Amino acid sequence: MKRTRLLAYYLLVAALLHGCGEEQVLEKLGLAVAVGYDQIGDGRLLGTTVFYQIDPEARQLVTVIAGTANTSKGLKITHNRESSKKIVGGQIRVAVYQDELARKGILPLVENLSRDASIGSNVYLTVAKGRASDILTHRYPETSNIGIYLYQAIRQNVNGENMISSKLHEFMKDYYAVGKDPVMPYIERVKNELHIDKIALFRDERLAGEISTREGFFLKILRERYNKGELEINLTVDNQRFFTVIEHISSKKQIKLLDLDKPRFSVKVKMTAQIQEMAEQIDLSKPEELHKVQKAIQLAVKKETEGLLEKLRKHQVDPVGFGEIYNIARQKSGKKKLNRDECREAIKRTQFDVDVQVKILRTGVIG
Amino acid sequence: MTTNLIPDSIKETQETLWQQLRNPRLSFRSLSCGNNSLLLAYLPYLIDMVTLQQVLLPFLERLPDEKITPDALVGSLPVARVRKTTDYRQVTDYLVRGWIYLQIEGVDSGLLLFVANIPSRSLGEAQVEVQIFGPQVSFTEALETNLGILQSYLPTDMLSNVSITIGRRSRTNVEVCYMEELADPENVQTVVQRVRELDVDGLIDSGKLVQLIDDNTFSIFPQLIMTERPDYVSEALLEGKVIVFVEGSPFAIMGPSTFVDFFKSNEDLYIRWQMASFIRLLRFLALFVSLFFTAIYVAALTFHYEMIPSALLVSLVKSRSKVPFPPLFEALLLEMIIEFLREAGARLPFKVGQTMGIVGGIVIGQAAVAAGFTSNILIMIVALSALASFTFPSYMMSTAVRILRFPIILLAGIWGGFGIMLGASFLLIHILRQSSLGRPFFLPFFPFRLRDFKNSLIRVPFYNLGKRPALTRSPDNARLPDEAGKKRPIQ
Chain A
430 MKRTRLLAYY
440 LLVAALLHGC
450 GEEQVLEKLG
460 LAVAVGYDQI
470 GDGRLLGTTV
480 FYQIDPEARQ
490 LVTVIAGTAN
500 TSKGLKITHN
510 RESSKKIVGG
520 QIRVAVYQDE
530 LARKGILPLV
540 ENLSRDASIG
550 SNVYLTVAKG
560 RASDILTHRY
570 PETSNIGIYL
580 YQAIRQNVNG
590 ENMISSKLHE
600 FMKDYYAVGK
610 DPVMPYIERV
620 KNELHIDKIA
630 LFRDERLAGE
640 ISTREGFFLK
650 ILRERYNKGE
660 LEINLTVDNQ
670 RFFTVIEHIS
680 SKKQIKLLDL
690 DKPRFSVKVK
700 MTAQIQEMAE
710 QIDLSKPEEL
720 HKVQKAIQLA
730 VKKETEGLLE
740 KLRKHQVDPV
750 GFGEIYNIAR
760 QKSGKKKLNR
770 DECREAIKRT
780 QFDVDVQVKI
790 LRTGVIG
Chain B
20 MTTNLIPDSI
30 KETQETLWQQ
40 LRNPRLSFRS
50 LSCGNNSLLL
60 AYLPYLIDMV
70 TLQQVLLPFL
80 ERLPDEKITP
90 DALVGSLPVA
100 RVRKTTDYRQ
110 VTDYLVRGWI
120 YLQIEGVDSG
130 LLLFVANIPS
140 RSLGEAQVEV
150 QIFGPQVSFT
160 EALETNLGIL
170 QSYLPTDMLS
180 NVSITIGRRS
190 RTNVEVCYME
200 ELADPENVQT
210 VVQRVRELDV
220 DGLIDSGKLV
230 QLIDDNTFSI
240 FPQLIMTERP
250 DYVSEALLEG
260 KVIVFVEGSP
270 FAIMGPSTFV
280 DFFKSNEDLY
290 IRWQMASFIR
300 LLRFLALFVS
310 LFFTAIYVAA
320 LTFHYEMIPS
330 ALLVSLVKSR
340 SKVPFPPLFE
350 ALLLEMIIEF
360 LREAGARLPF
370 KVGQTMGIVG
380 GIVIGQAAVA
390 AGFTSNILIM
400 IVALSALASF
410 TFPSYMMSTA
420 VRILRFPIIL
430 LAGIWGGFGI
440 MLGASFLLIH
450 ILRQSSLGRP
460 FFLPFFPFRL
470 RDFKNSLIRV
480 PFYNLGKRPA
490 LTRSPDNARL
500 PDEAGKKRPI
510 Q
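Chains A and B are the protein sequences, given in the same order.
Quick note on numbering: my numbering labels position 334 of the first sequence as 763, and the sequence is numbered without any gaps.
Quick note on numbering: my numbering labels position 78 of the second sequence as 97, and the sequence is numbered without any gaps.
These aren't lab readings, by the way, just hints derived from the structure by calculation.
All figures in this text were calculated on a predicted structure; none of them were measured in a lab.
For glycine and all other residues, C-beta sits at the position ideal for the given N, C-alpha and C.
Careful, some of the hints might be misleading.
Claimed, not checked - Across the chosen pairs, the derived CB separations fall in these ranges:
hint: 1; chain 1: B; residue 1: 443; chain 2: A; residue 2: 445; range: 50 to 60 Å
hint: 2; chain 1: B; residue 1: 385; chain 2: A; residue 2: 445; range: 34 to 44 Å
hint: 3; chain 1: B; residue 1: 296; chain 2: A; residue 2: 769; range: 49 to 59 Å
hint: 4; chain 1: B; residue 1: 465; chain 2: A; residue 2: 657; range: 41 to 51 Å
hint: 5; chain 1: A; residue 1: 471; chain 2: B; residue 2: 304; range: 55 to 65 Å
hint: 6; chain 1: B; residue 1: 377; chain 2: A; residue 2: 498; range: 26 to 36 Å
What the hints assert, rightly or not - Under 10 Å between C-beta atoms, here's a sample of chain B residues computed to sit facing chain A:
hint: 7; residue: 192
hint: 8; residue: 194
hint: 9; residue: 433
hint: 10; residue: 437
As the list claims (entries may be wrong) - Facing chain A, a subset of chain B residues (Cβ under 7 Å, in silico):
hint: 11; residue: 302
hint: 12; residue: 325
hint: 13; residue: 340
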């Protein structure tokens with residue numbers, strides 16, 4: 430009797446709560462892969478969505494639609510009006526923001542993505558030179574699915590250590606950490622090709638400047654632990670200028686605050702690498718020759734790192750997170766925690782002692 | 020009581036037996052040797068005619084002329100088992116079991132002689148629990164044969180039996196076997212008591228007995244293992260388990276057993292421990308695949324589109340786009356078809372079995388996709404989960420798992436991943452609550468016993484299995500002379 434009643438309860442619960450699960454049957458959905466946001470004239474947003482419209486008979490896998498609204502969720506409503514399938518965001522891989530929009534701040538848009546439970550953190554955020562819709566609506570002869578193409582292009586470069594990763598959660602973390610600023614890949618369409626050769630620097634949520642991917646390399650070794658990857662360097666050995674390529678670079682950084690009152694940082698970079706190619710014939714099997722080359726690489730890396738730090742200061746951005754280190758050191762010495770603006774102000778005129786140590790592990794063997 | 024006494028006249032006995040048995044094949048043989056006239060009664064199809072004609076009859080004809088008594092005969096009859104009786108009801112009981120009744124004129128008691136030749140088949144290979152490696156012989160329907168095989172595996176006086184006859188009408192012999200000193204008396208007591216207290220009409224197979232004596236009749240999971248392999252039974256006896264044989268059934272019942280035991284094959288002991296561990300883990304993987312794979316497909320397609328890897332997305336939607344049903348119905352339909360195929364395969368006569376392959380493989384598989392009836396990804400998933408369920412050594416368990424798949428798919432269709440978790444939790448709680456002969460059913464995990472865990476999901480080398488499982492609570496735990504165990508095993 431007790432059993433039967435229990436069973437009846439279960440069945441009742443199952444029957445009554447059936448409707449509570451919101452059904453999203455796969456083939457009835459338009460799965461957005463990439464979204465783009467632009468600003469148009471009167472403060473309105475132009476949203477572009479690339480989504481799967483899968484039909485075995487259709488030639489094109491993806492469809493692009495655009496619409497305008499005042500908010501990002503408003504864009505969703507506009508988009509759904511234009512589509513035969515319900516557009517959902519769970520498969521978004523790339524979000525593209527127009528640079529002009531980014532200059533005014535993109536936090537509300539990014540937060541909206543991160544608050545949506547169906548969107549994971551596996552979304553790359555990028556800044557577009559010019560309009561995002563120009564990038565997403567353009568028909569590229571090489572690829573029919575611009576969303577996945579962009580995603581793979583960024584991922585490939587991030588995995589190959591050529592680009593700084595800017596996933597959704599990484600942006601949010603950098604933004605909310607006091608004394609650190611986010612960065613993003615800066616993409617540009619040149620005719621039928623997409624170029625990802627710049628890095629956008631943010632001051633809090635606003636686009637503040639850009640650096641080249643070469644400078645991005647030095648930013649990356651300061652921001653995080655670096656493994657594999659390669660670099661072409663211009664060297665001067667015995668008054669001879671030539672190029673060399675080092676690969677399998679792995680580096681560790683150590684940043685320490687030396688002086689609290691007049692902020693001064695010691696930036697130590699330890700790097701190991703292999704020489705892959707040299708434009709000049711130097712017998713590297715001789716220790717003294719190798720030592721010379723090593724010294725020259727060290728000097729070149731140091732110079733470029735210092736150049737980068739100078740540039741960051743000029744833009745008043747702090748993607749390395751010096752402010753964070755400074756703030757922690759302050760609190761350790763018993764002073765009050767600084768807020769965003771105080772922190773930025775405090776490290777405005779910092780000094781950097783850059784010290785680079787390069788060790789060449791192997792020469793000659795390529796692989 | 021007085022009415023059952025055997026009359027002293029042969030004629031009257033003959034009359035009484037006729038009335039009792041009402042079997043036209045009941046044969047009588049009257050002999051007169053000297054001053055004695057003897058009566059033999061038997062059922063010809065149950066006894067060994069050769070022994071009767073070539074041994075027993077010549078012996079009786081050569082009896083001395085003077086009056087003899089049954090007591091004198093008992094010692095000299097050329098038959099292995101002789102029993103004296105004064106009760107004609109007992110006589111009929113024994114006649115139907117292949118005994119010969121012998122009475123001397125003028126004596127109101129008779130002798131029962133065991134000259135049975137009960138029809139049975141010869142030993143064969145195991146057909147249900149197939150093993151590649153290890154002994155191949157399987158039990159047969161004859162209880163005596165089964166006990167013989169078992170004793171040949173364990174020629175020791177520690178092997179003890181309890182004989183019980185149950186079934187009011189069927190009078191079936193049931194044999195409870197255990198190893199003295201190894202089996203916990205409490206376990207033996209539980210089994211014997213449960214069997215003894217049964218008051219049923221008839222009991223033909225151990226499959227019926229196991230349902231009558233297990234702990235929870237309402238659970239879908241079997242709680243006692245049934246096996247047709249003597250080597251498996253012998254191993255179990257050495258672990259301290261209790262075995263039940265039923266006359267007429269080639270399957271022995273084995274207990275106490277845990278949930279994990281149903282995923283063990285005895286072959287795991289014959290192959291090296293690395294292989295055995297791998298294969299066992301594979302079976303547990305198969306359990307999860309079989310239970311949840313189709314359900315996950317349904318849940319992902321109905322609720323959790325964001326879970327699907329982007330590489331799979333396009334092909335998945337393409338194969339789904341022509342299907343007219345929602346994923347839940349599609350999955351249930353295909354699971355049903357697979358069950359139809361399986362059941363038809365089990366029931367079909369051997370000769371038409373080939374047709375099944377064609378019908379199942381080509382017509383249903385290919386045509387269903389071509390007609391836009393189901394997606395080919397689902398066909399693959401359903402086939403995979405059916406395949407996975409066939410990896411379990413226990414037929415009962417694999418059937419249970421296949422049936423459990425349906426409610427879980429249903430839950431997945433109603434509530435998605437949440438429903439699957441609900442179903443899985445329900446199952447887990449249910450398994451945790453079960454017991455087998457009063458011992459915990461989910462043993463190596465709850466309560467956690469490292470000793471049993473070593474021979475559950477994995478199988479460690481024998482030198483590290485120095486003790487009998489905690490499950491059986493054996494009074495004598497040591498399997499190896501030394502716990503640290505670098506010496507030779509004793510058994």
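Against the structure, the hints come out as follows:
A hinted range of 50 to 60 Å is violated for the C-beta pair residue 443 of chain B and residue 445 of chain A, which are about 22 Å apart. At about 41 Å, the beta-carbon gap between residue 385 of chain B and residue 445 of chain A stays in the expected band of 34 to 44 Å. Between residue 296 of chain B and residue 769 of chain A the C-beta distance comes to about 56 Å, which sits within the given range of 49 to 59 Å. A beta carbon spacing of about 46 Å between residue 465 of chain B and residue 657 of chain A agrees with the range 41 to 51 Å that was offered as a hint.
At about 59 Å, the beta-carbon gap between residue 471 of chain A and residue 304 of chain B stays in the expected band of 55 to 65 Å. A hinted range of 26 to 36 Å is violated for the C-beta pair residue 377 of chain B and residue 498 of chain A, which are about 58 Å apart. A distance limit of 10 Å between C-beta atoms decides the matter here; for residue 192 of chain B the minimum to chain A is near 36 Å, and the interface restraint is violated. At a threshold of 10 Å, the smallest CB-CB gap from residue 194 of chain B to chain A is about 35 Å, leaving the interface hint violated.
With its C-beta approaching chain A no nearer than about 5 Å, residue 433 of chain B sits inside the 10 Å limit, and its interface hint holds. Hint status for residue 437 of chain B relative to chain A: holds, with the closest Cβ pair at about 7 Å, below 10 Å. Evaluation of the residue 302 of chain B hint against chain A yields a violated restraint, the C-beta minimum of about 30 Å exceeding 7 Å. Annotation: residue 325 of chain B was flagged as interfacial toward chain A, and the flag holds, the nearest CB pair being 3 Å apart, inside 7 Å.
The closest approach between the C-beta of residue 340 of chain B and any C-beta of chain A is roughly 5 Å, which is under the 7 Å cut-off, so the hint is satisfied.
When held up to the earlier numbered hints, the structure conflicts with 1, 6, 7, 8 and 11 and fits the remainder.
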